[in-house]
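**Q** Each chain, written out:
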Amino acid sequence: MTIMKKLLTSAVASAMMVGGAQAEISNNTVKIGYLADMSGTYRDLAGPNGLSALEMAVADFGGTVKGAKIEIVTADDRNSPDVASSTVRRWLENDNVDMVAGLVASSVTIAATKVIEENNKLGLVNGSAASSITNEHCTPNHIHYTYDTYPLSVGTPTAIVKEGGKSWYILTADYAFGHSLESDVTRMVESNGGEIVDSIRHPFPTPDFSSFILQAQASGADVVALANAGADTTNAITTASEFGLTQSGQTLAALLLFLTDVHALGAETAQGIQLTTGWYWDKDKEARAWSDRFMKETGVRPTMVHAGIYSSTIQYLNAIEATGSDDSQTVRKQMMDTPINDMFTKNGRIREDGRMVHDMYLAQVKTPEESNSEWDLYKILRTIPADEAFRPLSDSKCKLVSSN
Amino acid sequence: MSQIDIQSSIQKTILKQQKAEDRRKLVLNGILLMLLLLAPFVIYPVFLMKILCFALFAAAFNLLFGFTGLLSFGHAAFLATGGYTTGYLLSNYSGLTTEMGIIAGTLMATVLGLGFALLSIRRQGIYFAMVTLALAQLVFFFFVQSSFTGGEDGLHGVPRGELFGLINLEDNLNMYYFVLAVFLACYLLIQRIVSSPYGHVLKAIKQNEPRAVSLGYKVDRYKVLAFVISAALAGLAGSMKSVVFQLASLNDAHWHMSGEVILMTLVGGMGTLLGPVLGATLVVNIEYQLGQGPLRDWVDPILGAIFVITVLAFRSGIVGEVQKFVRKNIG
Amino acid sequence: MSMIFGVPMAVLSGQLLIGIINGAFYALLSLGLAIIFGLLKIINFAHGAMYMLGAMATVIMFDALDVNYWVALFLAPVLVGIVGVFVEYFLLRRIAGQDHIYSLLLTFGVALIMQGVLTNIYGVSGLRYAMPDMFKGGVNLGFMFMPYYRAWVIVAALLVCFGTWFMVEKTKLGAYLRAGTEDSQLMQGFGINVPLLVSLTYGFGVMLAAFAGVLAAPIYSVTPVMGSHILIVVFAVVVIGGMGSIGGAIITGILMGVVEGLTKTFYPPASSAVIFLVMVIVLMIRPHGLFGKES
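One line per chain: the protein sequences are G, B and W, in this order. Numbering-wise, the first sequence is residues 0 to 403 according to numbering that gives the first Met the number 0. Numbering-wise, the second sequence is residues 0 to 330 according to numbering that gives the first Met the number 0. Numbering-wise, the third sequence is residues 0 to 294 according to numbering that gives the first Met the number 0.
Please note that a few of the clues may not be correct.
Each computed DSBU-like pair below joins lysine-lysine, with the alpha-carbon atoms no more than 30 angstroms apart [what the hints assert, rightly or not]:
1. B:K202 x B:K11
2. W:K40 x B:K323
3. W:K135 x G:K378
Simulated from the structure, these hints should not be mistaken for laboratory data.
Could you put the whole structure together from the sequences, leaning on the hints where they help?
**A** Given below as structure tokens:
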């Protein structure tokens, strides 16, 4: 009996040894693939500067983790799901890439995460907006880190309705992202006692917004909301200011606006606009310190996506350090078990659907008088607590959520 | 020696040369085939399949542009129609085998091609290019608005399924040999078309349309047929692409894609058989290699420069220039 | 309030006016294309890039050298015109006499280069250009608020369009131009430097695009890719008008602005596609466009 027991324990032990072998870092290298739009519409919010953020994270680890070398490969996704899918497939199947970072356009992210799931590797999504990425498109192989459309529709609309902006007119970019933002906003406005007067779907992209702004003015709504992104949003804001939309007593709400967009518009044109953001470079001391380093590297202040790329990479490397493994499920579990406390957020945590939930911020663009420097653009009006900001798991359609 | 003797001896030499050339071609083709069969063991197969799909797309376009002289600026519409149709059918009807989905996609593109052709074939030169562009833009609009395409997000997770319900295409090698077989069949088909009497009429139309008309050819019918075949093959390329990558997206329908296929054909050599294949291989490689390397931010300007250099320095494309060189110095 | 198809009359008048303003803008852009094609038989796919250069130059000159709006309105087109002359002299000239298609491909390449290089330097978020002080504000027309600047756009665009049309169709210089491009040997014989004339014509055509770019700088976000969006729309305008017809380009430009404006009111999602629908229909009925001549 004792012999049997001994035999058994030794068998278990040797089995654990095998398990231990799995826990090693494959090829003794941690290879990170950075996939982002490097030359198109979304270049500035992630792009080449996002790569700098990633490199900063790797450099902070001294280029190695647990004795394994950290390597970075990069590709331009050209905003094409085709390019994304073939590049990621090659990285994972052929080039031993362990983790894919960046991931901006939602079409690119959805395509890439499908391939990542197939190969059981890990994706850290930072650029994309679509909340579907951790809802109907969720996989056990990616984490959505910085923000998504759900908090965008919680922050700004709730605040504005509470201030008395009851009737809403929504200008929606006519594609999946715009539609989902529109429906999220509609729900938020109505549940807070406001109403949607009308909405209009404009082609993507639209160079001239005068016609739509005019229709929004004629509607007499209290609030004109922009459910679009990038150049469409900045063009609409410029035109709204030209046509005196706010002077005639209407409030303009941009639902997705990056620091780079506001910087391009300038405080003069963008002043007073309320927006929701996942992070702001001047939000606290830690963020400022990191932003100063970032600015030294790139010459500009970081967007929330840049900060998210840095923070998520650090979390990823920490998890490898802690577990001694680069296996995607081991790392993901370790990341889920570790609360996030860094320059990006306090008490952030990763849920089972892959959503990193953290506090979001309601901000307002400063007036030129309030703004002290080129990048001094936001004042934070309110912190939106994590639990309020993101889609509750009880509403989730994700296959990983146990209640489903 | 009599006149006749001289003539017959000349004929004999020509025949001999012809035979030698045929043999050379056979050997060359054999080597190429071997390389294609062995390639997936050296090069990543999915990448090879991407090249083959674009090579077929460019070859289809070249049938119209290079051999018939019609510049369509709307070929992206057929690529996308094939891709979306196949992708949609395979994702939603699990009873369909892969080849049925591909055939359906190709048929859909063929029908669309017929529509395009009937509306545009009477227009000349730049007006033809512009009508095809306009029609393709309308198709693009349709795809953006339709819910089955997934709009901007694209159509994801197309199952590769099983060929004839037997061969598992999830396996990259199986998939590769299937794509290769389809590609080679189409390539041979195009070769046959071009060297057939029908192909000669197409070339005659390209060189001098009024003369072809005065010779009694119903030129419009020939052109419509060429357009439809070209659209069908472009659709087939799109269908296979959607199976290989398991997705179909708006990129395939965008007018930039119509521009890219022109670039591929032009760089490789329009009006040659091998040209578009080589051109597609080059362009896909350039985009991939540059996208990875230190020049990744410069893909667009470099492609632009290739356009400029090709147009200025070697309008007949790589294959065309090589042929010229061979004819001048060796032939 | 009176309604038309469920849209209040006042809104409709506003949309019509906006349509005319955008139309004037299209007219200006398509005019340059029409001149370049009509006189030189070049299909200028770099036209959008030249428009972008005009806008970028305005912003860059303001930021770097404090060049004000009025100076830019003159200087930016001249600079872009010089770029155009270089493009013609070093590139386009080498493919003179070849199929038009090659000019399309060549200029498409040039556009990709310009756009890509500037994207790498300036990014794509857009550069800021403040509205000139004298144009701030606007006037309430009763049915809409009319910013002064849009009124200026319509005046400036129409003046330049009309002036150009007059110059090409009604003056001696225009006659030389038309003759020089039809039969260059004959004109050479008369002692006229035809190659120079060709360079200058191309330069002038792209100057018009750059002028539109300067007009656009205060109202649209100025980015290196702003031209690629507008390019094929403007091309459609020229084709509908009849390639090479200068008057046709102007009239069609305004017409298409109005058509687009109305679509934005009644069925907004189709506003980017409607021009192509019009183009298909027009070419079915008139193979050489509304004002084009049989060649």
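**Q** It remains to establish, for every hint, whether it holds in the given structure.
**A** Hint check results:
| no. | hint | result |
| --- | --- | --- |
| 1 | B:K202 x B:K11 | holds (28 angstroms) |
| 2 | W:K40 x B:K323 | holds (28 angstroms) |
| 3 | W:K135 x G:K378 | holds (27 angstroms) |
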